[in-house]
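Taken in order, these protein sequences are the chains called H and V. Position 96 (the first sequence) corresponds to 128 in our numbering; numbering is contiguous. Position 178 (the second sequence) corresponds to 210 in our numbering; numbering is contiguous.
Watch out, some of these pointers could steer you wrong.
What the hints assert, rightly or not - Computed cross-link-like contacts, BS3-like style, restricted to lysine-lysine with a CA-CA straight-line distance of at most 30 angstroms:
(1) Lys93/V to Lys83/H
(2) Lys93/H to Lys93/V
(3) Lys93/H to Lys83/H
(4) Lys93/V to Lys83/V
(5) Lys93/H to Lys83/V
FYI, nobody ran anything at the bench for these hints, they're computed from the structure.
Protein chains: 2
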Amino acid sequence: MAAGPTRRRRTRSDGERSHRAILDAATRLATIEGLDGISIARVASEIGMSKSGLFSHFTSKQELQMATIEAAEAIYATEVVEPALERPEGRTRLEALCARYLSYVERGVFPGGCFFASTAAEWDTRPGPVRDRLRAVLAGWSDVMEANVRTAQAQGTLPAEADAARLVFELNALLHEANGHFLLFRDPVALEHARAAIADRLGAVRAPAR
Amino acid sequence: MAAGPTRRRRTRSDGERSHRAILDAATRLATIEGLDGISIARVASEIGMSKSGLFSHFTSKQELQMATIEAAEAIYATEVVEPALERPEGRTRLEALCARYLSYVERGVFPGGCFFASTAAEWDTRPGPVRDRLRAVLAGWSDVMEANVRTAQAQGTLPAEADAARLVFELNALLHEANGHFLLFRDPVALEHARAAIADRLGAVRAPAR
Numbered sequence: 033m034a035a036g037p038t039r040r041r042r043t044r045s046d047g048e049r050s051h052r053a054i055l056d057a058a059t060r061l062a063t064i065e066g067l068d069g070i071s072i073a074r075v076a077s078e079i080g081m082s083k084s085g086l087f088s089h090f091t092s093k094q095e096l097q098m099a100t101i102e103a104a105e106a107i108y109a110t111e112v113v114e115p116a117l118e119r120p121e122g123r124t125r126l127e128a129l130c131a132r133y134l135s136y137v138e139r140g141v142f143p144g145g146c147f148f149a150s151t152a153a154e155w156d157t158r159p160g161p162v163r164d165r166l167r168a169v170l171a172g173w174s175d176v177m178e179a180n181v182r183t184a185q186a187q188g189t190l191p192a193e194a195d196a197a198r199l200v201f202e203l204n205a206l207l208h209e210a211n212g213h214f215l216l217f218r219d220p221v222a223l224e225h226a227r228a229a230i231a232d233r234l235g236a237v238r239a240p241a242r
Numbered sequence: 033m034a035a036g037p038t039r040r041r042r043t044r045s046d047g048e049r050s051h052r053a054i055l056d057a058a059t060r061l062a063t064i065e066g067l068d069g070i071s072i073a074r075v076a077s078e079i080g081m082s083k084s085g086l087f088s089h090f091t092s093k094q095e096l097q098m099a100t101i102e103a104a105e106a107i108y109a110t111e112v113v114e115p116a117l118e119r120p121e122g123r124t125r126l127e128a129l130c131a132r133y134l135s136y137v138e139r140g141v142f143p144g145g146c147f148f149a150s151t152a153a154e155w156d157t158r159p160g161p162v163r164d165r166l167r168a169v170l171a172g173w174s175d176v177m178e179a180n181v182r183t184a185q186a187q188g189t190l191p192a193e194a195d196a197a198r199l200v201f202e203l204n205a206l207l208h209e210a211n212g213h214f215l216l217f218r219d220p221v222a223l224e225h226a227r228a229a230i231a232d233r234l235g236a237v238r239a240p241a242r
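In isolation and in its complexed conformation, chain H is listed as follows (with noise of 0.2 angstroms):
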């Protein structure tokens, strides 16, 4: 009896470790061999793994597809958002995401560069359920931006004849060429490119309306 609830312990939380393991590899594959790429037998053969092992965590290629998007969400959460929320909401805010976001590709988090850049280029033409999470994931974020546009120009910090959904459009752009350029030219110059054009783009900052 004694030996049962830590004997189960041990086997949860080892299950966890090999469950992080699995999903850790998979988000880190996925930004270079794609997310079409991450069969259970690459992943674990990655980690070291049997299939039949790796098989007892995910029973499908979808299963563990949609996990990893999962774990990349939960990253990119940690490194992008979640410090631009403790931030002002508004202009403030704002900046931070795109600040957030390129430093989270300069410090390779992937090393593919961005997880979710790098996947919705390889699903934009396959429909499914891959292709439905990751277009809910790039709408969240571009909504995120767009709300703190619209509290910008409700605090006069923007201006308020701007198109706000044009505006997110644009900055994602130079977000993700800025991603996409340093990945293929390694060349750091994309990431200053970026920072001065979103600095431009939006502008001297205005004092609050009252």
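With the hints as your guide, set chain V onto chain H.
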């Protein structure tokens, strides 16, 4: 003797047709399934040719990939670059390059959007001749853009103080985001956003310097 040349001509012509059919299929497939997805078996099955038939044209996957990039370059030249080269150098040609790119995305010249945006995202972390070739094509495109920015600056139709390389980075950001967003969300507003943002970024045309 009489049949000889005729037969050789027919053979050569059949061979050219097959060669073209292979590369047509390969460029299209590469934008959907990736340049790594165009195995000889996959392309052969797509066009209903035997693997051994396809091997008579391309003896390795990498040879097929390199020829596919070359074929896509020819399509890109015809669809995007050459029509713009008919316009006067400088600002007019720069605007035509952007407009032709967005038209090429909108018309779905490739089913998976811009061939080079798609394959660069796939290969950016894979060293070798395929990545080197994709880098060269994208760098060549940016060089053409930048030459026209500089000409426009010399002609006084773009501000002389603008950083030409950064302006090209920003224009490419808008073009690539339009491509990616249009593909992922199937929403033509991405093209409208890009067109409006490019017009804003270039600013009102000023009278040429005398």
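Evaluation of the provided hints:
{"no.": "1", "hint": "Lys93/V to Lys83/H", "verdict": "28 angstroms, holds"}
{"no.": "2", "hint": "Lys93/H to Lys93/V", "verdict": "25 angstroms, holds"}
{"no.": "3", "hint": "Lys93/H to Lys83/H", "verdict": "12 angstroms, holds"}
{"no.": "4", "hint": "Lys93/V to Lys83/V", "verdict": "12 angstroms, holds"}
{"no.": "5", "hint": "Lys93/H to Lys83/V", "verdict": "28 angstroms, holds"}
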